[in-house]
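A.B. asks: Heads up: the protein sequence lines correspond to chains U and P, in order.
No gaps in the numbering here: position 239 of the first sequence is 246 in the numbering used here, and each next residue is one more.
No gaps in the numbering here: position 140 of the second sequence is 147 in the numbering used here, and each next residue is one more.
I should point out that these hints are in silico values taken from the structure, not numbers from a laboratory.
Where hints are given, some of them may not hold.
If chains are identical, the list can't say which one is meant, so a pair holds when it fits in one copy or spans any two.
[Unchecked claim] Computed cross-link-like contacts, SDA-like style, restricted to lysine to any residue with a CA-CA straight-line distance of at most 20 Å:
#, residue 1, residue 2
1, Lys-401, Pro-427
2, Lys-405, Ser-428
3, Lys-323, Arg-274
4, Lys-287, Trp-256
5, Lys-371, Val-126
6, Lys-479, Cys-433
7, Lys-46, Ala-254
8, Lys-107, Thr-472
9, Lys-37, Trp-243
10, Lys-479, Val-112
11, Lys-401, Pro-292
12, Lys-401, Leu-294
13, Lys-46, Pro-218
14, Lys-111, Pro-390
15, Lys-479, Glu-291
16, Lys-37, Asn-62
17, Lys-323, Pro-370
18, Lys-46, Ile-288
19, Lys-405, Gln-257
20, Lys-405, Glu-291
21, Lys-136, Glu-57
22, Lys-37, Ala-379
23, Lys-107, Leu-294
24, Lys-37, Leu-82
25, Lys-386, Trp-135
Chain by chain, the residues run as shown.
2 protein chains.
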Amino acid sequence: MTADIWDVVIVGAGLSGLSAAYLIGKRNPKLKILLLEGKDRVGGRTVTSEIPAANGVDRWDFGGQWVGSTQFHLLELIKELGLETYPQFNTGKKVHHMGKPNAKVRHYRTSLPALSPWVLMDLSQILWKIDRLCATVCVQDPSKSPRAVELDSMTLHSYVEQHAWTAELKEEMGLCSRTVFGMEPSQMSFLFFLVYAAAAGGVLRLLESTPGSAQELKIKGGTQQLSECLAERVGWKNVRLGSAVTAIWQDAEWARVTTDTDSLLCRAVIVTCPPHLAAKIHYEPALPSQREFLTQNMPVGHMIKFIITYQTAFWKENGFSGEIVAGSSTNCPFSVTFDATSPSGNAALVGFIAGKHASQWSPKEAGERREAVISSLVKYLGPEAASFIHYEEKDWAKEDYSGGCPVNVMAPGLLTYYHPSLRNPCGRIHWAGTETATQWCGYMSGAVQAGQRAALEVLAELCPTTLTQEEKEAVWYSQADQGPVQETISSKQKHLSTNKAVVIVTLTISAAFLLAQHRNVFQTVKSHLMNVPSVIYSYCNRNL
Amino acid sequence: MTADIWDVVIVGAGLSGLSAAYLIGKRNPKLKILLLEGKDRVGGRTVTSEIPAANGVDRWDFGGQWVGSTQFHLLELIKELGLETYPQFNTGKKVHHMGKPNAKVRHYRTSLPALSPWVLMDLSQILWKIDRLCATVCVQDPSKSPRAVELDSMTLHSYVEQHAWTAELKEEMGLCSRTVFGMEPSQMSFLFFLVYAAAAGGVLRLLESTPGSAQELKIKGGTQQLSECLAERVGWKNVRLGSAVTAIWQDAEWARVTTDTDSLLCRAVIVTCPPHLAAKIHYEPALPSQREFLTQNMPVGHMIKFIITYQTAFWKENGFSGEIVAGSSTNCPFSVTFDATSPSGNAALVGFIAGKHASQWSPKEAGERREAVISSLVKYLGPEAASFIHYEEKDWAKEDYSGGCPVNVMAPGLLTYYHPSLRNPCGRIHWAGTETATQWCGYMSGAVQAGQRAALEVLAELCPTTLTQEEKEAVWYSQADQGPVQETISSKQKHLSTNKAVVIVTLTISAAFLLAQHRNVFQTVKSHLMNVPSVIYSYCNRNL
Numbered sequence: 008m009t010a011d012i013w014d015v016v017i018v019g020a021g022l023s024g025l026s027a028a029y030l031i032g033k034r035n036p037k038l039k040i041l042l043l044e045g046k047d048r049v050g051g052r053t054v055t056s057e058i059p060a061a062n063g064v065d066r067w068d069f070g071g072q073w074v075g076s077t078q079f080h081l082l083e084l085i086k087e088l089g090l091e092t093y094p095q096f097n098t099g100k101k102v103h104h105m106g107k108p109n110a111k112v113r114h115y116r117t118s119l120p121a122l123s124p125w126v127l128m129d130l131s132q133i134l135w136k137i138d139r140l141c142a143t144v145c146v147q148d149p150s151k152s153p154r155a156v157e158l159d160s161m162t163l164h165s166y167v168e169q170h171a172w173t174a175e176l177k178e179e180m181g182l183c184s185r186t187v188f189g190m191e192p193s194q195m196s197f198l199f200f201l202v203y204a205a206a207a208g209g210v211l212r213l214l215e216s217t218p219g220s221a222q223e224l225k226i227k228g229g230t231q232q233l234s235e236c237l238a239e240r241v242g243w244k245n246v247r248l249g250s251a252v253t254a255i256w257q258d259a260e261w262a263r264v265t266t267d268t269d270s271l272l273c274r275a276v277i278v279t280c281p282p283h284l285a286a287k288i289h290y291e292p293a294l295p296s297q298r299e300f301l302t303q304n305m306p307v308g309h310m311i312k313f314i315i316t317y318q319t320a321f322w323k324e325n326g327f328s329g330e331i332v333a334g335s336s337t338n339c340p341f342s343v344t345f346d347a348t349s350p351s352g353n354a355a356l357v358g359f360i361a362g363k364h365a366s367q368w369s370p371k372e373a374g375e376r377r378e379a380v381i382s383s384l385v386k387y388l389g390p391e392a393a394s395f396i397h398y399e400e401k402d403w404a405k406e407d408y409s410g411g412c413p414v415n416v417m418a419p420g421l422l423t424y425y426h427p428s429l430r431n432p433c434g435r436i437h438w439a440g441t442e443t444a445t446q447w448c449g450y451m452s453g454a455v456q457a458g459q460r461a462a463l464e465v466l467a468e469l470c471p472t473t474l475t476q477e478e479k480e481a482v483w484y485s486q487a488d489q490g491p492v493q494e495t496i497s498s499k500q501k502h503l504s505t506n507k508a509v510v511i512v513t514l515t516i517s518a519a520f521l522l523a524q525h526r527n528v529f530q531t532v533k534s535h536l537m538n539v540p541s542v543i544y545s546y547c548n549r550n551l
Numbered sequence: 008m009t010a011d012i013w014d015v016v017i018v019g020a021g022l023s024g025l026s027a028a029y030l031i032g033k034r035n036p037k038l039k040i041l042l043l044e045g046k047d048r049v050g051g052r053t054v055t056s057e058i059p060a061a062n063g064v065d066r067w068d069f070g071g072q073w074v075g076s077t078q079f080h081l082l083e084l085i086k087e088l089g090l091e092t093y094p095q096f097n098t099g100k101k102v103h104h105m106g107k108p109n110a111k112v113r114h115y116r117t118s119l120p121a122l123s124p125w126v127l128m129d130l131s132q133i134l135w136k137i138d139r140l141c142a143t144v145c146v147q148d149p150s151k152s153p154r155a156v157e158l159d160s161m162t163l164h165s166y167v168e169q170h171a172w173t174a175e176l177k178e179e180m181g182l183c184s185r186t187v188f189g190m191e192p193s194q195m196s197f198l199f200f201l202v203y204a205a206a207a208g209g210v211l212r213l214l215e216s217t218p219g220s221a222q223e224l225k226i227k228g229g230t231q232q233l234s235e236c237l238a239e240r241v242g243w244k245n246v247r248l249g250s251a252v253t254a255i256w257q258d259a260e261w262a263r264v265t266t267d268t269d270s271l272l273c274r275a276v277i278v279t280c281p282p283h284l285a286a287k288i289h290y291e292p293a294l295p296s297q298r299e300f301l302t303q304n305m306p307v308g309h310m311i312k313f314i315i316t317y318q319t320a321f322w323k324e325n326g327f328s329g330e331i332v333a334g335s336s337t338n339c340p341f342s343v344t345f346d347a348t349s350p351s352g353n354a355a356l357v358g359f360i361a362g363k364h365a366s367q368w369s370p371k372e373a374g375e376r377r378e379a380v381i382s383s384l385v386k387y388l389g390p391e392a393a394s395f396i397h398y399e400e401k402d403w404a405k406e407d408y409s410g411g412c413p414v415n416v417m418a419p420g421l422l423t424y425y426h427p428s429l430r431n432p433c434g435r436i437h438w439a440g441t442e443t444a445t446q447w448c449g450y451m452s453g454a455v456q457a458g459q460r461a462a463l464e465v466l467a468e469l470c471p472t473t474l475t476q477e478e479k480e481a482v483w484y485s486q487a488d489q490g491p492v493q494e495t496i497s498s499k500q501k502h503l504s505t506n507k508a509v510v511i512v513t514l515t516i517s518a519a520f521l522l523a524q525h526r527n528v529f530q531t532v533k534s535h536l537m538n539v540p541s542v543i544y545s546y547c548n549r550n551l
């Protein structure tokens with residue numbers, strides 16, 4: 008039995024668990040750490056696979072793939088592990104199709120989609136409002152945000168219904184929700200949405216591939232390497248694959264973690280799996296009911312990600328960037344695609360069937376789904392799209408020990424009542440995983456941040472001398488849910504973004520006013536409004 | 008191993024599981040049925056306990072307790088088991104306290120609370136709107152309701168915010184949500200609320216103790232007897248207590264149900280536990296992801312129920328009925344109390360700390376909670392309330408294999424996407440439990456209905472000759488999620504209730520109009536409006 012005593016057992020060998028293990032090991036190499044992973048691989052929601060491509064085979068990411076230059080936790084890890092990034096290709100015409108299947112397919116080149124001036128005004132006013140709200144929310148303890156109960160009592164859908172002027176913008180917001188969360192705007196709390204956006208530095212950062220945004224860079228060789236390199240450093244002997252944790256017992260002296268075949272005693276546990284899976288573990292004694300109520304109500308998104316390889320990147324030759332956005336009524340199964348040509352030049356596109364489309368398409372035959380994807384690609388990019396080399400997809404809802412992707416959201420009414428349970432340790436159990444992050448929550452960078460935070464909590468218990476004073480205070484504040492609230496990325500930019508937004512909204516309101524005043528000035532106003540996209544674009548770029 | 012082969016294994020020995028077992032056994036006594044129950048008792052969310060009382064000891068219900076005369080499935084069972092009901096005592100002054108702690112405590116005698124005329128008008132208009140919507144929803148398949156996506160995309164809170172005119176009514180609606188669901192209006196889909204109300208025959212039925220309503224009758228000796236009598240008839244040897252199911256495997260021939268100590272082969276399984284607990288079972292092969300997404304997002308309510316016994320029912324002597332309703336800002340921990348004097352005359356009150364109050368009060372010391380309850384009772388009913396015999400409470404969030412009470416609700420965005428998974432069998436697994444009921448969903452009657460429906464599904468598979476043609480068709484329609492939609496209680500009354508409601512609203516609007524027209528007619532109008540409560544009251548009574 009002595010062999011089965013560990014200092015720290017970590018549930019889940021994804022980026023969060025491995026980051027935690029790595030930090031603990033660096034600070035105190037004497038601590039015995041074990042990672043238990045249900046899957047037969049490390050990496051959690053990141054997985055990199057080899058598929059046939061123009062020059063034989065190549066590797067693509069079928070889970071998390073992008074890195075942004077403001078994702079400091081992840082960038083630092085990439086640097087430390089000696090990995091390299093390269094930019095997301097986004098030069099050329101982008102395709103925008105919203106409305107009914109026979110609606111006009113539009114092309115655009117800016118970072119904001121090809122919308123009519125009126126819808127662009129609508130977009131600017133709603134982004135301004137949301138950005139202002141984002142700047143006020145308290146990411147660390149959302150219940151302390153102004154109007155927290157009110158904002159948490161409505162869905163994102165309800166907010167958009169109340170504040171968007173045009174049906175087109177409502178459709179755009181549905182698309183955003185689907186592509187960011189794999190979920191419809193009806194399924195999440197508006198306050199959660201604000202907190203999530205604030206943790207990333209603003210709404211636009213979630214959507215764009217411009218500098219600082221979520222879709223800016225990719226990792227050469229794929230993101231699963233992050234976990235593989237970390238496992239290497241932590242020691243593969245300390246990682247047990249195919250070992251799903253079924254129960255965690257605690258008494259005054261020990262925690263006991265059990266799998267179907269093992270029972271391990273330890274001094275601290277870090278649970279890193281997504282909340283809906285953490286909820287399936289049997290805890291004895293039972294967790295506080297607040298924690299149970301929280302994890303019962305944090306649904307995970309649904310995304311089917313596909314990679315399709317080609318002999319050549321014909322879309323680039325035709326002046327396209329490879330980016331397509333398609334609304335929910337277009338008959339197109341996917342919501343978004345991007346160029347995915349590999350660093351070694353193997354041409355590919357990556358796309359996402361997400362939210363309600365994933366629900367609709369997931370139960371269908373793989374062949375039918377592929378046909379629908381190809382047929383849409385042909386429609387948007389040309390007949391060359393039909394001559395692909397290989398089509399490979401991953402339905403994350405069907406992945407054991409994930410059950411969905413990319414992130415768990417919070418349904419309305421959770422943040423104001425149960426949020427403290429998200430990170431508060433329960434005895435010897437500490438909580439990590441990207442859902443518990445306060446910077447880039449839901450992203451790989453958040454997974455790293457959360458893992459490191461949980462590692463510090465454990466070190467503070469097991470060997471506090473390895474922590475700096477600052478780290479000790481951070482752990483103390485985090486657990487006490489009080490003290491100086493951590494400055495979020497967005498709040499740093501509050502004044503800056505508000506000032507710029509005021510300019511846009513003044514422009515917008517004036518234009519709207521003029522429009523309403525007299526119909527015969529319409530043409531003049533329209534010509535002015537045509538400049539709005541570039542104004543917004545430059546605003547966005549400078550703001551990010 | 009042969010000894011461990013069963014025809015049907017039922018997970019959960021609550022009212023739903025036992026009703027299923029009883030019906031299957033009646034139709035085909037040769038079928039081997041086994042019930043597995045995690046708790047050390049039968050009854051699930053019904054439990055009857057003995058506590059000190061005026062004449063020594065007596066029994067009270069600490070879980071589900073009321074029966075309504077429109078709850079046909081439950082009434083039939085009560086009759087069959089030879090149990091007796093008696094009416095909820097509701098004669099005398101009722102106490103109504105809303106607003107700040109120092110707001111006026113009002114008394115009233117009708118079934119609707121003591122509200123100002125203006126708030127009563129507001130209540131009548133919102134009930135009229137909700138009742139009209141209730142009459143249109145399709146309980147069997149809510150996604151087929153008119154405007155389903157819209158209604159499911161908002162919370163009950165958002166609907167009330169948009170349609171209630173007064174802050175007082177908004178507070179009343181919060182109270183209703185808390186007392187019916189143990190949950191705040193922000194935590195559930197508005198469409199779910201409508202479906203739930205429609206399955207009961209209308210919103211008022213959920214709230215009242217008048218004939219036909221949810222709080223009309225009680226069972227002499229307590230409701231747990233229902234399950235105990237059923238277990239007697241099914242045979243106690245076929246009920247294994249302390250046997251929580253951890254996994255269900257299925258192959259072409261068998262289902263295998265495992266607990267920590269047993270592994271049982273069977274031909275069919277009925278899972279009756281609440282969705283959030285059904286979600287914790289490990290299924291192999293995995294359930295369809297739609298089902299996983301559904302059960303991940305059906306949180307259970309939080310209620311702490313208390314019984315407090317007295318030497319005499321002093322409140323009756325003082326002209327009170329024992330019914331108190333208290334709003335969320337009054338400093339009163341409970342939301343509602345009722346007289347709970349036993350059939351043998353032992354004086355008692357029953358009360359509920361619910362929703363956000365349960366969240367706030369649950370982690371506190373039992374003594375502190377008791378003191379707060381007693382202090383509020385003294386405030387509302389007089390100093391005699393301090394001289395109690397015994398105070399006993401049950402926090403359902405802390406009850407193993409329940410984790411909450413009274414019912415699981417649906418967060419927004421579920422009904423329109425994942426609802427079919429609620430009842431659709433998954434291979435050999437059938438789903439019961441009150442959450443799957445179409446009549447009085449969430450109540451004991453719904454538990455019986457759901458158990459019987461699942462029993463018929465199993466019989467249709469194992470021995471179809473035991474079913475009538477009508478039953479076979481019902482099973483077929485239920486599983487195909489198509490065909491003639493079952494007529495709900497509410498739809499039967501659609502025209503009736505609409506006509507009556509129109510009268511009320513006309514009255515209301517006219518009054519409001521007059522009020523707005525001229526201030527010097529205010530007194531006249533006010534005297535007219537004082538009649539509104541009785542109009543509404545008679546409307547409600549006739550409607551129910």
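A.B. asks: Taking the numbered hints from earlier one at a time, note which ones the structure violates and give those numbers from smallest to largest.
C.D. replies: 1, 3, 5, 8, 10, 13, 15, 16, 17, 21, 22, 23, 24 and 25
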